Amino acid sequence: MIKFLSSIQLAVGLIAAIALASVFATLYPTVEVFSSFWFRGLLLLFCLNLLVCTLKSLPAVFARLKKTPANVCGERAEGLEISGHQSVEALTQFIKEKGYKVKMASDGDRQNVLAQKGILSLIAPHLLHLALIVVLVGGYLSSFGVEDQVACFVGEKAEVPASVAEGMVIEVNDFQTVLDAEGAIENWITNFNIYFNDVKAVESGTTKVNAPLKYKGISFYQKSYGYHHLIEVTGEQAGVYQIPDQKIFKLEDKVFNITQTIEGPLVRFFKGHEIVEEKMVKNGEKMEFSEDTVLTYVKTYPFTVLAVKKDPGTWVVMTGFLLMTVASFFFWTGRYREIALSFEGNKAYLTVSCKNKALRDEILAEVRSKLKAGETNG
Amino acid sequence: MDNLQTPLLVATLLAYVLAFMFYFITFIYSKESFLNYAKILTLVAFLFNSSLLIIRAVLINGLPLRNLFEFGLFFVWAITLVFLIIQYKFNLPVAALFVLPINILLLLFLVNLDVTIRPAMPALRSKWLIVHVLSAVLAYGAFAISFALSIMYLLKERLMKSNPAGRLAGILPKPEILDELSYKVIFVGMPALTIMLVTGAVWAEYSWGRYWSWDPKETWALITWFIYSAYLHIRLRGWKGRKAAILSILGFLAVIFTFLGVSYLLPGIHSYA
Ligand code: HEM
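As you go down the protein sequences, you meet chains A and B in turn. Using my numbering, you'd call the opening residue of the first sequence number 1 and step up by one each time. Using my numbering, you'd call the opening residue of the second sequence number 379 and step up by one each time.
Rather than coming from a laboratory, the hints here were simulated on the basis of the structure. These numbers come from a predicted model, not from an experiment. Since no wrong hints were added, every one of them can be taken at face value.
Example chain A residues on the side facing chain B (calculated, C-beta under 10 Å, incomplete):
hint : residue
1    : Val178
2    : Asn210
3    : Ser219
4    : Phe329
The beta-carbon is built from N, C-alpha and C at its ideal position, and this holds for glycine as well.
Take the sequences, apply the hints, and build the full model.
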């Protein structure tokens, strides 16, 4: 069972199954795949596979890291003639200069050397697998997360949905559209206070796109915004009206809407679908319709919409992501390789291990020729 | 500077086409003397490609990585970069016959796109985007090369059986070399793909408040990542050569589908996801 759970065959089978399920899910978006029971089962099995396989291989990795120089005069080692003690030092110096970590130990007359390089890439796959487990666990925790949204007019208060945070209220001080030097929209910023159980807990915090505000494990994201317009009308339809941005309004025989633009509110009059007149207005500005009907544009009411989220898995997933990134860089540091030597009298015994055969042969040739060079020098 | 864009784009395309023709003459008609011209033309194309990216960077005052056109331009640039490394480090200019057509096809697609500069949306103004897209470009460049090498592998294997004395069989390197190099390139590309996935998710978390939403683009990026991780694992079990080459080809098809297919073939889905 353990053997099956830790096998690469199972890993490849699971990877193939998850990939195929994902392909299917994007082709038939109406079929619920990712939240289905069987897909989660696959992920769970995948997680188990990773866990067992990592646990099984970690001892070997630690053993390699802690490995000490040993006698390698066995059958697998290549025996080479050398002359004198001089070349032992020259050779270890040479290996050190090549970036190897060199350990030495003498064992009677025998001098054993162990040189290791690329330890980070030895750790890399295991760190990556571990990171994947962390991400999957975080993803599972995220399924207990909740998210919702809260809309609030500038200058007013609004309750954060209780499913996300009970007793939390926001009060919006300001909402601004920020422009860059070229006049394009750079960001939307909401400035707000947070009350928790009627006590002001955050004073003048800001949230904008790409920079959420976090408080007590609850994140506030700038999600949307909008405007209402306050108008006052005299005459037949006399009254004060608060109309949403771009919503069609009828006054006597005229049809119009008000749109908030970067420069300010714009009133558009329509005949059918066509715009027949446009006019920018300021606060307090009056427009006369007929003899006793006057429309006064009183003020703009901006509102902001914040997404609110409480997710106990996010930080776990982010930790996993960080580990994945570190592991990725480790892969780029070059293959792990190991040179083991035993010097005995005027003979040296040499083994090189590296998963890449070409690289192994290259290192063997290099060390061999260095030993030969030592022979002529010494 | 704005109106330099289209001429430079056309010049880049022409230079890649000419370079391809010179490599073709060098190898298919055994005109060794053409090889140097082919190499110079590739460098010229790379230079045009780079200048276009620099102009674009100056115009938008940032890295040009914000839309399909800019990403595509960087993609072609990265493919050429990885090819140049392969050509010089492993002395494999013949790979040009299989790599440059990818560049030419991509550029033929890019010349149809709108080059107008538009301001970026607030969500795109993030430093995560830069790392995200740069790592994508690096990974995709590597995978394109591995794809070309895998095609060469399959071709060579076939020709060795059917027509071992033919010219094409003669100019293609030994299958073991192609197989090994293809693996090396994927081994370098895979961590970049991992960084791409991670930074994309982190960016989504900051921007939308959700690190993963199973939207078709991210799902396809994940599928690509799964294919290449399967590739690396089957090699650990000693599966080399043909099977590995097929998986590498499949991986690159997934890359292309993520890059183009999702935008054009699954358009309705974005509103669902
Ligand atoms: C999509 C998820 C996975 C990714 C991205 C991944 C990634 C990797 C990478 C990049 C390597 C190094 C390959 C090489 O040295 O050529 C590796 C090695 C390995 N993987 Fe995975 N892996 C995944 C899932 C798994 C699973 C589920 C298992 C469980 C059996 C597994 C078992 C192994 C083993 C045993 C090695 C060899 C480690 C060594 O060098 O000693 N992998 N993996």
